[in-house]
Amino acid sequence: MSRAPNVDPERIIEKEHLVQEGMDISGHWNRMFEQRVIWDYTPELLDKVTDVEGGESFGWCYQCAQCIPVCPVDIVGDYGPRKIFRRVQTGEDLFDSADTWQCTTCMNCLRVCPKEVDMIQIMPAVRQEAVLSGNVPEELQEVFKNTVDYGNPMGESPKKRAAWVKKTTHEVPFMKEKKKAEYLWFVECYPSYHPRGVDASVALARVLNHLGVDFGILGADEKCSCDSQRLAGEQGLFEECAEHNIKQFKRYKAKKVLVTDPHALNAFRHEYPKLGGSFFETIHYTTFLQDHMDRLGMTHELGVKVTFHDPCYLGRHNGEYEAPRNMLKAIPGVELTEMGRCRENSYCCGGGGGGMWLDGHMSDHVTMRLSDQRVIEAVETGADVLAVCCPLEVSRFEDAVKSTGNEGKLVVKDIIELVVESMGPEE
Amino acid sequence: MSEQPVLVIGGGPAGIEAARGIADVGYNAILVEKRNVLGGTPELANYAALTPDFRDAGEAMAEMAATVTNNPNVDLRLGSTVTATTGSSGNFEVTIKNSKGSEKVSVGSVVIATGFQHFDPGRETQQYGYYEYDDVITLVDLEKMLKAKKVVKPSNGEPPKRLCFIQCVGSRDRQIGNEYCSKVCCGVAAKESIEVRQLVPDCKVFIFYIDMRMYGYWENEIYWPSQEKYKVNYIKGIATEIIKKGDRLLVRGEDTTMGRPMEVPMDIVVLSVGMEPSAGTREMAAIFEVKLNKYNFIETTGGALNTVGTSVEGVFACGATTGPADLEDSISSASAAAMKAITVVRKSAMAG
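Those protein sequence lines, which keep their order, are chains S and L.
Here the first sequence is numbered in numbering that gives the first Met the number 0, starting from 0 and rising by one per residue.
Here the second sequence is numbered in numbering that gives the first Met the number 0, starting from 0 and rising by one per residue.
Don't take each hint at face value.
[Claimed, not checked] Looking from chain S toward chain L, a few residues come up when the C-beta cut is under 8 Å (computed):
#, residue
1, Glu20
2, Met22
3, Pro42
4, Asp46
5, Tyr61
[As the list claims (entries may be wrong)] Below, computed lysine-lysine pairings styled on DSBU-like, alpha-carbon distance capped at 30 Å:
#, chain 1, residue 1, chain 2, residue 2
6, S, Lys175, S, Lys252
7, S, Lys47, L, Lys230
8, L, Lys146, L, Lys160
9, L, Lys235, S, Lys114
[Said to hold, decoys possible] If you anchor each label on the Cβ, the simulated ranges turn out as follows:
#, chain 1, residue 1, chain 2, residue 2, range
10, S, Val18, L, Lys160, 12 to 22 Å
11, S, Lys246, L, Lys160, 51 to 61 Å
12, S, Gly154, L, Lys160, 48 to 58 Å
Hints listed in this document are in silico derivations from the structure and should not be mistaken for laboratory results.
No experiment lies behind these values; they were computed from the predicted model shown.
Don't be surprised by glycine CBs; every beta carbon is placed ideally from N, CA and C.
Working from the sequences, and respecting the hints, build out all of it.
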């Protein structure tokens with residue numbers, strides 16, 4: 000990997016006398032580079048992080064460095080818990096640093112960390128402090144504002160949240176009218192508004208109808224699950240959205256909530272219960288559908304080689320690795336091939352923990368986007384299709400296919416799209 | 000023939016434990032200690048708290064000493080040294096000397112528990128300046144301050160704002176001749192770092208290390224708490240030199256994980272000195288003609304399966320007499336040596 004030169008000649012400084020805290024330490028080290036900081040160690044900055052609730056384990060790092068090879072950001076940049084710990088120990092203020100915003104909370108570091116340094120707790124805690132002091136990248140600030148104003152990160156009209164329903168010929172009932180349903184389908188933002196997310200929603204609507212599932216959606220009464228905003232530091236906003244959604248679930252006495260977004264799954268399973276939302280169970284559509292594949296009438300042989308990308312928040316965070324694979328294996332004419340990094344060690348698409356909205360910020364710190372790196376890995380397998388089951392991924396990977404020059408070699412599809420392709424054209 | 004006593008040389012933790020063990024099973028021990036007090040190096044060097052359990056060292060040593068004082072099966076000889084020996088396994092004749100004169104005693108077997116001494120940083124090939132700078136001290140010096148519950152800069156009596164430990168001083172060093180790891184210094188430094196943070200909460204504490212060797216439970220009992228609870232900063236890379244700047248010390252080294260030079264001001268620098276064989280260990284080895292290893296500790300000849308046997312039949316060694324050992328190791332090997340020493344006297348009594 001080519002890297003930027005370590006030395007920027009403009010920033011070379013030469014001091015006749017180097018004096019620190021009144022102490023003259025002149026010598027050949029005067030001739031040095033501003034980029035290097037050699038003087039002093041500042042435990043205060045480390046304490047600042049470990050003093051924050053959730054930040055405690057940051058101070059536990061003993062530099063074994065197991066996190067670095069599995070940090071998806073380090074593979075395209077210079078990052079990872081061990082490195083951040085050292086930078087903070089040697090003078091970096093994490094509350095005012097580019098390092099604060101690069102973590103995608105993919106959890107691969109925590110998976111291998113012997114000391115359980117928990118970036119999934121540390122990052123939101125530090126970011127929350129940064130948010131409170133207004134120290135947030137602009138693009139992320141805009142997403143927070145959109146979520147406050149419109150209930151979704153894109154700033155789309157909340158009234159049009161269910162507009163996608165017009166694109167399906169199948170019935171998608173609203174809870175407002177239906178009142179009661181076995182499954183409350185929480186559609187979430189990207190599957191409601193993003194054109195490629197809508198494609199997957201339309202496909203799922205057809206499958207649910209085919210199976211005769213008793214379901215309903217919230218439509219305009221639904222707000223963003225807000226898990227990624229929470230991980231990006233907006234705990235207050237998260238709580239607001241969560242309380243709204245919990246109220247809706249209560250209103251319809253929801254027992255089972257079906258999601259397509261693993262980030263919503265994560266919020267509902269682990270965070271909503273803390274706010275009173277523990278009366279329903281949440282199921283990802285792959286977990287649900289894996290047992291019904293033989294009832295879908297999939298008669299069309301697809302004849303494609305498929306590789307599958309494990310979403311961080313379905314796999315590592317919630318332990319579901321098999322359901323998506325079971326679905327893919329049940330589709331006629333699908334040959335499943337795995338990428339080197341898969342399952343527990345799956346590579347992050349870069350969209351989690353707020354990364355979805357920080358590509359601009361990240362571009363200053365990485366040689367390529369994480370999604371670009373992942374697409375290159377997918378192409379290496381010789382697959383025709385990169386199958387996904389997280390709504391953040393389709394758009395990220397499709398863009399990466401273009402930016403890495405792999406158009407025509409690889410297409411990106413949600414698993415549910417492959418299912419309906421095999422079911423054949425609508426009658 | 001009745002059973003001969005076992006001679007135990009050295010009244011530190013290992014020697015006391017060996018003598019107590021021999022007495023407990025009904026055999027007789029002669030316990031010889033050069034000084035007029037039991038307790039060995041923990042007593043002599045004013046240890047404050049034991050590693051790793053933070054037990055008060057004085058209290059623990061007094062408790063040990065009580066088991067062999069006024070014990071009918073222990074003939075305690077304080078202020079005494081062994082000056083000569085003749086005979087062989089099962090029947091040694093040993094000369095014990097004290098201020099009143101010399102006495103010859105017959106013993107069946109011998110346990111040497113003469114232990115170690117702390118490395119003298121004056122021999123350090125690096126420029127740590129132990130004898131130049133008042134504020135460069137050793138683990139042992141700090142231990143004394145901890146016992147007095149007063150940690151201050153020796154140069155001016157003020158509490159330190161920044162204190163660091165430099166690991167591996169006098170150990171793991173081919174030039175000095177001590178190629179071995181002294182085993183205990185990582186744990187002792189971590190223990191002392193906790194005590195410093197307890198006594199002087201405002202003091203920032205750093206440990207500069209090559210590898211932290213915290214085997215077994217020392218990892219979770221001292222290393223992790225020192226970092227996680229007491230916020231001691233561990234920096235990989237030991238300093239190369241110390242330069243005096245005004246009334247502070249400038250520690251110069253490389254921060255190896257950052258790959259860059261490091262210059263850190265400190266109020267107190269603690270050298271984590273390791274272990275060397277004590278004078279007593281070398282003297283006893285000469286008298287009993289047991290083989291020393293390359294580092295002048297008494298060589299054990301049984302490999303991994305016999306950690307207390309020496310090159311002379313009927314002569315055993317335990318504790319830090321055979322190499323760096325912590326208190327836990329010393330107590331264990333003392334029991335092993337006592338067992339083997341009893342076996343010798345029992346067998347020769349049966350044969351006799």
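Hints versus structure:
no.: 1; hint: Glu20; in the structure: holds (7 Å)
no.: 2; hint: Met22; in the structure: holds (5 Å)
no.: 3; hint: Pro42; in the structure: holds (5 Å)
no.: 4; hint: Asp46; in the structure: holds (6 Å)
no.: 5; hint: Tyr61; in the structure: holds (7 Å)
no.: 6; hint: S:Lys175 / S:Lys252; in the structure: holds (12 Å)
no.: 7; hint: S:Lys47 / L:Lys230; in the structure: holds (12 Å)
no.: 8; hint: L:Lys146 / L:Lys160; in the structure: holds (20 Å)
no.: 9; hint: L:Lys235 / S:Lys114; in the structure: holds (17 Å)
no.: 10; hint: S:Val18 / L:Lys160: 12 to 22 Å; in the structure: holds (19 Å)
no.: 11; hint: S:Lys246 / L:Lys160: 51 to 61 Å; in the structure: holds (54 Å)
no.: 12; hint: S:Gly154 / L:Lys160: 48 to 58 Å; in the structure: holds (52 Å)
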